[in-house]
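Asker: Below are the chains, spelled out letter by letter.
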Amino acid sequence: MEETLADYYRDEQEIRTPVHFSIGQEASAVGVCAATTPQDWVYTSHRSHAPYLAKGGDLDALVAELYGRQDGCAHGRGGSMHVIDQAAGFAGSAAILGEMIPVAVGTAWAFARNGEARVALTYFGDGATEEGVFAESLNFAAVHKTPVVFVCENNLYSACSPLSARQPAGTSITGRSEAAGVPSELVDGNDVFAVHAAAQRAVAHAREGHGPFLLELSTYRWRAHVGPDWDHDYGYRSKEEIDEWTAQCPIVRATAALRAEEPDIDAAVADWRTRFEREIHQSVDRAKALPFPSVDGLLDGAYLPLAR
Amino acid sequence: MRKLTYGQAISEATVQCMLQDDRIFVAGEGVDDVNGTFGTTKEAFARFGAGRVIDMPNAENATAGFAIGAAAAGFRPLLVHIRADFMFLALDPLVNLAAKWRYTYGGDKGGVPVVTRGVVGRGWGQGATHSQSPHATFAHYPGLHVATPASPADAKGLLVQALTGDTPVVLIENRNLYSLTGEVPTEAVPIPFGVGRIARPGQDVTVVAASLMVHEAERAAEQLALRGISVEVVDVRSLRPLDDDIICSSVAKTGRLVVADTSWSRYGFAAEVAAVVAENVPQALLAPVRRITLPDSPAPVSQPLEEAYHPSADAIADACLAVCGEARGDLPGLVDVAAGFQGPF
Numbered sequence: 001m002e003e004t005l006a007d008y009y010r011d012e013q014e015i016r017t018p019v020h021f022s023i024g025q026e027a028s029a030v031g032v033c034a035a036t037t038p039q040d041w042v043y044t045s046h047r048s049h050a051p052y053l054a055k056g057g058d059l060d061a062l063v064a065e066l067y068g069r070q071d072g073c074a075h076g077r078g079g080s081m082h083v084i085d086q087a088a089g090f091a092g093s094a095a096i097l098g099e100m101i102p103v104a105v106g107t108a109w110a111f112a113r114n115g116e117a118r119v120a121l122t123y124f125g126d127g128a129t130e131e132g133v134f135a136e137s138l139n140f141a142a143v144h145k146t147p148v149v150f151v152c153e154n155n156l157y158s159a160c161s162p163l164s165a166r167q168p169a170g171t172s173i174t175g176r177s178e179a180a181g182v183p184s185e186l187v188d189g190n191d192v193f194a195v196h197a198a199a200q201r202a203v204a205h206a207r208e209g210h211g212p213f214l215l216e217l218s219t220y221r222w223r224a225h226v227g228p229d230w231d232h233d234y235g236y237r238s239k240e241e242i243d244e245w246t247a248q249c250p251i252v253r254a255t256a257a258l259r260a261e262e263p264d265i266d267a268a269v270a271d272w273r274t275r276f277e278r279e280i281h282q283s284v285d286r287a288k289a290l291p292f293p294s295v296d297g298l299l300d301g302a303y304l305p306l307a308r
Numbered sequence: 001m002r003k004l005t006y007g008q009a010i011s012e013a014t015v016q017c018m019l020q021d022d023r024i025f026v027a028g029e030g031v032d033d034v035n036g037t038f039g040t041t042k043e044a045f046a047r048f049g050a051g052r053v054i055d056m057p058n059a060e061n062a063t064a065g066f067a068i069g070a071a072a073a074g075f076r077p078l079l080v081h082i083r084a085d086f087m088f089l090a091l092d093p094l095v096n097l098a099a100k101w102r103y104t105y106g107g108d109k110g111g112v113p114v115v116t117r118g119v120v121g122r123g124w125g126q127g128a129t130h131s132q133s134p135h136a137t138f139a140h141y142p143g144l145h146v147a148t149p150a151s152p153a154d155a156k157g158l159l160v161q162a163l164t165g166d167t168p169v170v171l172i173e174n175r176n177l178y179s180l181t182g183e184v185p186t187e188a189v190p191i192p193f194g195v196g197r198i199a200r201p202g203q204d205v206t207v208v209a210a211s212l213m214v215h216e217a218e219r220a221a222e223q224l225a226l227r228g229i230s231v232e233v234v235d236v237r238s239l240r241p242l243d244d245d246i247i248c249s250s251v252a253k254t255g256r257l258v259v260a261d262t263s264w265s266r267y268g269f270a271a272e273v274a275a276v277v278a279e280n281v282p283q284a285l286l287a288p289v290r291r292i293t294l295p296d297s298p299a300p301v302s303q304p305l306e307e308a309y310h311p312s313a314d315a316i317a318d319a320c321l322a323v324c325g326e327a328r329g330d331l332p333g334l335v336d337v338a339a340g341f342q343g344p345f
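Protein chains in written order, with full-length UniProt numbering: chain E, 1 to 308; chain Y, 1 to 345.
Here chain E stands alone, though its shape is the one from the complex (with noise of 0.2 Å):
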């Protein structure tokens, strides 16, 4: 899906919003949101199409709104970093790295709070975890022991920043959450099957009135930060990196995994390639189709209408 977008997006320059494509990281996506219920919430940072989908969000509503459309599932106002579908789970995505962490902790304790074995979920970057407001989350969670699962999708950089250059050597994201008083796990977050069972693991101690918990998942994106490029020209990482982590994809482990118990496995993929590229450009076509919103209706939802 995401290639084929990044195809559009360098080509046509008709998506105009910043996407931060996930390519690379499908495996945290899938691995994790298959391990909850439509009714879990997930929210996310600015990399937000890969758990979208993987939660079940509506593809012509996403597509629709990075062409700013009317139908998009923000209606052209929130573009890739402000994306939502309530209906699958998917609960809104923002842009500042770890905003959305503690709103994950917030309705977690309202779902604890109602009675409900519901758990939010919450993906951020290796970079969101510099934040204060990840350690005020991580405390807070642990005090009030809310079923929240943190999912730390540690790839490496943060813009171009790589990690040694932002946090102490000697010390880890699963430390500082363990010594917040929050279990964590360190996965390799490139084996679907490995994240998979990890979220099951954690969001169940979560339902289960454990409280938190966090997943470190290790992983690598494979273009730039924002946009379709490959960055490797740039200087802060080699294509040597890129290639090492490009030969770890995560369909192309899946696929071998299943290989040996599901002969035909080559022969699906293939099939869903196929599908799945047709979706997307049906999509995108019918998102250009679409009108854009009227100028009209600018200022509305910023407020209510007054009551007065």
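Keep in mind the hints are simulated off the structure, nothing from the lab.
Do not take every clue at face value.
To be verified - To list a few chain Y residues with every Cβ distance to chain E over 12 Å, as calculated:
id : residue
1  : K3
2  : P93
3  : H145
4  : S249
5  : D330
Unchecked claim - Which stretches of chain Y does chain E cover? Using the computed rule of at least three CB atoms under 8 Å from a CB of chain E, they are:
id : segment
6  : 62-72
7  : 271-284
Cβ atoms here follow ideal geometry from the backbone N, Cα and C, with glycine treated the same way.
For this one, chain E is given, so just place chain Y on it according to the hints.
Answerer: Just chain Y, lined up with the frame of chain E:
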């Protein structure tokens, strides 16, 4: 009608709204302690306990985000900051999320009606971070409602509106108002945002004020009445939405405008009121607008500097005389608002 203090009115609004709506909860640092946020959260804690009046960790950013998440899931959080200065640590969730939530998600997914109370106001030597009022900061951003109740009745009515409406709200309360007494309706009657009130009618000069400055303007008006100058005091009640009509029609009547505020002039509430008048009724002005605000520095601590720093009824009276082309003459000075304040806090 029976009388309550401003603080009692806030407490009563909180309790009545919590009784009517199970989804409302109070959260903040020390809301359950012996002081109960100047007494305003004490009764709520006594009645509803720690489950609905929640002592939060010292984590203003996460607390605001937490409230947004709870609101997204159907709850009605009332956050309390005993010093509004700490709200700066909550700017990201309040400004980037709460204010924009409804619009960003297309307008039809619902908003996050987080209500935040922030306490401002001088005592003794409160200094740079405890003698400032961020009402204009929050009023700048579309998506929030911002109110500055000046009377006990408004302290109750505006809080009731906040807790029953569907928009995130910031309420800025001046601590010097908590002991003020006034008539307050027994029922939980909401007062809509964006509707100002004429606190005192007059003919010669309009003073537009918010919060504590409404009372300082009234004191100035009382004194100037002895000199035959009739001052109309407009209490805006809310900064966003702002009641442009009441401001413009008052200035159209009096021809003169003084704006009194407990914050700074530049880019602030006083600047906004002046701009509203300049845009709508420029021909009405018989004299240049005067702004009575904080000098352009952080608040000092040393007593004589502090006395010189805070806007007062005297300064408002002087400004009114100036726009009327009158000299101060032998008018006696008025007692400062902080007179009689006892420390330490």
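Asker: Now tell me, hint by hint, if it's right for this structure.
Answerer: The hints, checked one at a time:
1. At the 12 Å boundary, the C-beta of K3/Y stays outside the reach of chain E, the nearest C-beta of that chain being 28 Å off.
2. Consistency note on P93/Y: stated as away from chain E, yet its beta-carbon is not over 12 Å from all of that chain's, at 6 Å minimum.
3. Not every beta carbon of chain E lies more than 12 Å from that of H145/Y, the smallest distance being close to 8 Å; the non-interface claim is violated.
4. Its beta-carbon lying about 16 Å from the closest one in chain E, S249/Y satisfies the requirement of being farther than 12 Å from that chain.
5. Residue-level check passed: D330/Y sits 46 Å from the nearest beta carbon of chain E, beyond 12 Å.
6. Here's how the segment 62-72 of chain Y fares: 11 of its residues keep a CB closer than 8 Å to some CB of chain E, so the rule of at least three is met and the hint holds.
7. With a threshold of 8 Å between beta carbons, the proposed coverage of the segment 271-284 of chain Y by chain E is violated, since 0 of its residues qualify and at least three are required.
Checked against the numbered hints above, the structure violates hints 2, 3, 7; every other hint is satisfied.
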